[in-house]
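Sequential numbering of the sequence shown, starting at 1, is according to the UniProt record's numbering.
Since the hints were made in silico from the structure, they are not lab data. A hint or two may mislead.
What the hints assert, rightly or not - Simulated crosslink set (PhoX-like; lysine-lysine; CA at most 25 Å straight-line):
1. K505 x K413
2. K311 x K415
3. K286 x K315
4. K413 x K73
5. K118 x K415
6. K576 x K505
7. K468 x K572
8. K572 x K559
9. K315 x K365
10. K564 x K517
11. K365 x K535
12. K118 x K413
13. K144 x K73
14. K315 x K468
15. K311 x K517
16. K413 x K121
17. K311 x K519
18. K415 x K468
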Amino acid sequence: MEVEQRPPSIVYGPRSPVPLNLTFGQLLDHHAEVRPNSPAVISHVQSCTISFRQLQKRSIDLARAMAQAGIGKGSLVGIISATRYEYLEIFFACARLGAALILFNYAYTSSEILSLLKAIKPQMLFSPPGLARYDYNNVLQEAKSSVSRLRDIIILADIFRKYQLSSESLQHQDYESFLESRANSSWSPDSSISSHDMVNVQFTSGSTGLPKSVALSHYNIMNCGRNIWLQTRLTSEDRICCPVPLFHSFGMIVAISTSTVAGSSLVFPSELYDPAATLHCIERYKCTALYGVTTMFITEMAHPSCARTDKSSLKFGIVAGSAMPPEFLRRVMREFSIPRIYSCWGMTELSSFVTMMHETDPWDKRIHTTGRLFPHFILKIVKPNSGDVVPWGERGEIVVSGYGQMSEYLGNKEKTNEALRYHEQDLHEGGVGGLGGREGRELRRWMHTGDEGMLDDDGYLVFTGRIKDLIIRGGENITPLEIEERLSEMEAIEQASVVGVSDHKYGETVGAFLELKEKTQRPGDEEVRKWVRAKLAHFKAPVHIWWLGDDNVPEEWPKTMSGKISKPELRKMTEKLMEIGKSSKAKL
1 MEVEQRPPSI VYGPRSPVPL NLTFGQLLDH HAEVRPNSPA VISHVQSCTI SFRQLQKRSI
61 DLARAMAQAG IGKGSLVGII SATRYEYLEI FFACARLGAA LILFNYAYTS SEILSLLKAI
121 KPQMLFSPPG LARYDYNNVL QEAKSSVSRL RDIIILADIF RKYQLSSESL QHQDYESFLE
181 SRANSSWSPD SSISSHDMVN VQFTSGSTGL PKSVALSHYN IMNCGRNIWL QTRLTSEDRI
241 CCPVPLFHSF GMIVAISTST VAGSSLVFPS ELYDPAATLH CIERYKCTAL YGVTTMFITE
301 MAHPSCARTD KSSLKFGIVA GSAMPPEFLR RVMREFSIPR IYSCWGMTEL SSFVTMMHET
361 DPWDKRIHTT GRLFPHFILK IVKPNSGDVV PWGERGEIVV SGYGQMSEYL GNKEKTNEAL
421 RYHEQDLHEG GVGGLGGREG RELRRWMHTG DEGMLDDDGY LVFTGRIKDL IIRGGENITP
481 LEIEERLSEM EAIEQASVVG VSDHKYGETV GAFLELKEKT QRPGDEEVRK WVRAKLAHFK
541 APVHIWWLGD DNVPEEWPKT MSGKISKPEL RKMTEKLMEI GKSSKAKL
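Given only the sequences and the hints, what does the whole structure look like? Please build it.
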């Protein structure tokens with residue numbers, strides 16, 4: 001087919017089922033009535049199981065106490081915590097009150113936490129005095145005195161009793177005492193609370209400045225959870241092993257929202273990620289599903305106890321967070337004996353997943369695409385930073401409109417308008433039309449994702465990488481993902497990440513960071529380059545190669561807050577390594 005004859009790169013998700021129009025309080029009440037004694041969450045690290053009826057009662061008691069403290073519809077409530085059952089109680093209490101729960105990354109520095117608290121100004125904050133290597137004493141003390149509107153700090157017990165509040169001057173309440181203090185008081189839910197009210201705020205990193213605050217509603221995240229439930233066929237008998245942190249979309253939406261819609265049980269192996277605990281819980285609790293980002297699965301497969309762990313109960317896994325080379329997916333299915341692996345594409349601003357594989361999809365689709373569009377979304381591939389749709393099969397920026405779309409970056413109108421844009425082209429011939437269909441004249445908003453992709457012949461989305469990660473070598477655009485996929489096919493390479501390296505002649509050249517697989521012999525760097533050139537153009541072979549653990553190269557990957565390899569950190573690393581002359585450089 002000639003290029004000019006190709007249709008525009010526009011796909012529409014199915015029109016059914018009709019989206020849910022419930023609040024999370026209503027959804028929990030349903031499960032508490034239908035399956036009161038079924039476990040909602042099993043917290044292995046806390047040696048505690050909470051049933052749906054218990055979760056309902058405790059979240060209502062907590063909501064009563066919070067209402068007495070002045071929390072209601074439109075209030076903002078913060079939480080700094082790792083993975084524990086109280087996270088769900090606090091979320092559902094906020095949902096009943098019409099308040100929004102703000103999720104802070106437990107690994108943020110004191111300076112980052114304080115800056116975000118001052119910017120968002122929550123009225124209440126839940127936090128332990130510390131956890132693992134993170135001591136929150138100083139930041140809690142300073143927050144109480146310097147964050148306007150912050151009236152109450154509720155202290156969660158440190159699970160391992162390592163930390164206690166060091167200052168008696170910090171006015172606070174213990175979580176259990178606070179929850180029980182109003183257990184018998186009268187309280188009626190606000191009948192005006194809507195499914196379209198904000199219920200959750202998640203932070204997503206920007207290239208500069210503070211993380212952006214993504215505002216999401218009951219409607220946003222419940223319907224994304226429902227689509228994942230339908231795609232994976234979760235039931236109330238399933239137990240989901242959830243080692244991912246709860247402060248971002250994977251934990252809050254893919255785990256909590258989806259399991260609540262399905263009435264399934266969440267299993268929390270550990271407070272912070274622990275591969276040994278994850279493997280132990282799969283066997284002990286007969287988990288039927290395993291969630292994780294790519295690096296988690298790799299760490300688990302490399303763990304000494306993986307081979308002897310009974311994983312026969314697993315029915316499916318969800319892998320997210322970064323692109324997945326075909327060889328990686330094959331290995332996960334083989335080593336975990338999982339018949340179904342779901343890859344997907346999405347982002348926090350779209351309430352997590354927008355496309356997802358289906359178990360009936362052909363193998364080549366499963367390993368080369370991220371699936372098809374969820375119901376009630378529209379997706380276009382456009383020229384970057386524009387609304388001009390490219391012909392079908394061409395690469396461009398992925399833009400999305402639909403029910404999962406955030407309402408705003410809270411308190412940041414400028415960044416909101418940069419990300420959510422109106423396209424006049426929608427009303428032109430061949431466009432999607434306005435709201436209400438092709439005859440509608442009111443423009444819809446499009447989330448500009450910053451991701452590059454294309455549509456294959458059957459309408460599956462092929463994710464090709466972040467636009468800002470493209471390597472531009474002498475005018476040639478090089479996608480790191482295709483090089484990473486080729487590198488990961490090499491027997492000795494556990495994981496690879498490719499970035500652009502500044503070059504005075506070409507502008508940028510290809511640099512590769514490599515992790516050696518255990519019990520394998522390290523190949524020579526020229527051997528690695530030959531491996532790449534055997535399948536890809538010569539200029540895509542890495543000019544610079546660094547192995548984890550070599551001189552001046554860290555032994556572990558730098559990670560983002562969601563567990564992905566941090567390419568910005570790798571790019572910074574290349575600058576330092578080039579300065580000191582630490583590079584195995586090929587002749588250009």
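Here is what the structure says about each hint:
no., hint, in the structure
1, K505 x K413, "violated, 40 Å"
2, K311 x K415, "violated, 45 Å"
3, K286 x K315, "holds, 10 Å"
4, K413 x K73, "holds, 22 Å"
5, K118 x K415, "holds, 18 Å"
6, K576 x K505, "holds, 19 Å"
7, K468 x K572, "holds, 14 Å"
8, K572 x K559, "holds, 13 Å"
9, K315 x K365, "holds, 20 Å"
10, K564 x K517, "holds, 19 Å"
11, K365 x K535, "holds, 20 Å"
12, K118 x K413, "holds, 17 Å"
13, K144 x K73, "holds, 23 Å"
14, K315 x K468, "violated, 36 Å"
15, K311 x K517, "holds, 22 Å"
16, K413 x K121, "holds, 17 Å"
17, K311 x K519, "holds, 23 Å"
18, K415 x K468, "holds, 17 Å"
The structure shown violates the earlier hints numbered 1, 2 and 14.
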